[in-house]
Structure formats: structure tokens, C-alpha cells
Amino acid sequence: MKATQTADFENRTVVAFENRKSKEIATLIANQHGVPLVAPAMREVPLEENQAAFAFAEELLAGRLEAVIFMTGVGTRTLMEVLKTRYPQETIVRALTQLLVVPRGPKPIAVLRELQVPIGAVVAEPNTWREVLQTLDQRPQGFLLEGRRVAVQEYGVSNATFLDELRKRGA
1 MKATQTADFE NRTVVAFENR KSKEIATLIA NQHGVPLVAP AMREVPLEEN
51 QAAFAFAEEL LAGRLEAVIF MTGVGTRTLM EVLKTRYPQE TIVRALTQLL
101 VVPRGPKPIA VLRELQVPIG AVVAEPNTWR EVLQTLDQRP QGFLLEGRRV
151 AVQEYGVSNA TFLDELRKRG A
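Just so you know, we're using this note's numbering here: the sequence shown kicks off at 1 and counts up by one.
No wet-lab data here; the hints were simulated from the structure. We put the CB at the ideal spot given by N, CA and C, even for glycine. Some hints here could point you the wrong way.
Have a look at the derived ranges for each label pair, beta carbon to beta carbon [as the list claims (entries may be wrong)]:
(1) Ala62 / Gly156: 57 to 65 Å
(2) Arg130 / Ala16: 26 to 34 Å
(3) Gln89 / Val35: 13 to 21 Å
(4) Thr97 / Asp137: 20 to 28 Å
(5) Lys168 / Phe54: 50 to 58 Å
(6) Ser158 / Glu10: 44 to 52 Å
Restricting the straight-line Cα-Cα distance to at most 27 Å, the calculated cross-link-like pairs of lysine-lysine (DSSO-like) are [stated by the list, open to error]:
(7) Lys23 / Lys107
(8) Lys84 / Lys168
(9) Lys84 / Lys107
Work out the full structure, taking the sequences as your base and the hints as a guide.
The following block contains the structure:
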């Protein structure tokens, strides 16, 4: 296809795997004369038992945490929804404002901004756990990891290497 030509699927069926933006993807395909077949790539299944979330809330509300690292937007939103089943959202947000809040990237930042939770440190791109560590190593707001209690919001498989690196730094 030449650079001046536009894409045209010529009424072919185009399969796209997308969860959150499925309507938008279908519209884009249709606009290019394709027949969209959009299916979710994965299904998010909330935990039946939210013991870890409620244990986090107890630590947070008791003032025993000094920082929270939010790794994913979906996980941040899910955590807040779970906690709202037991605690007023304002109580959780107020407690978070007392900590260093470190979102890994733009998706958890968006959720935290919706909740009006102050962001304590912004992680550089490409927003991996390595950049989270680099950010914390720079002592944002004078925060030193050594001897601090840090909670990590994870969603899906735990990152043992990241957690080990936090422990090596004394968290």
C-alpha cells in the first residue's frame, strides 16, 4: 500500500482482541470497511475472598503504613471498590493522603486523581517495576525506604523480584 492510500479491509472480517475499548476498536474497523469481530483477550475475575485487601485497609487505617505503590489502574479501582464494601471511601482517601503514594504509570494515576488522592512520586516511562525502584531510590519527598512499611497493590501474578528488591532496600 502506498503512503497516500488509506486502509480498506474490503468487507473482510477483522478479528480484534480487546477488553476495555472494544466499541472504539469495532468502530475503527467498520470505518475502514471491515466487519469487526471483537472479543475479550482476557476476563477480569474479582477475588471471591478479599482478605488481602481488607488486611491492607486495617494496616492503612491504623496508620501502620508509610507508602503505597499502585501497580495497575484496574487493580487500584478494584481495591477501592472492595474496600468501599466495609469502609466509607472518604476514610480510605483521607488515610492515603497521609502516605507517599506511588502509582506505577498513567492508569493508576488516572484512578487516584479521580479519587483526589495526591500523587507523591511520578514514575518515568516505560513505567516498569524497575522505574518504580529508581523513583524510590531518588528519595521522593525525602522518603527513604529503609525501615519503612510499604504496601504494594498487585493485580494478577505477584512480582517476587520487585518485592525482593524492596526488601533489599530495607522496606
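Hint check results:
1. Ala62 / Gly156: 57 to 65 Å: 27 Å, violated
2. Arg130 / Ala16: 26 to 34 Å: 30 Å, holds
3. Gln89 / Val35: 13 to 21 Å: Because 43 Å falls outside the window, the suggested range is violated.
4. Thr97 / Asp137: 20 to 28 Å: Roughly 24 Å apart at Cβ, these two residues keep to the hinted range, so it holds.
5. Lys168 / Phe54: 50 to 58 Å: 28 Å, violated
6. Ser158 / Glu10: 44 to 52 Å: 46 Å, holds
7. Lys23 / Lys107: 19 Å, holds
8. Lys84 / Lys168: Violated, because 33 Å separates the two Cα atoms, which is more than 27 Å.
9. Lys84 / Lys107: 20 Å, holds
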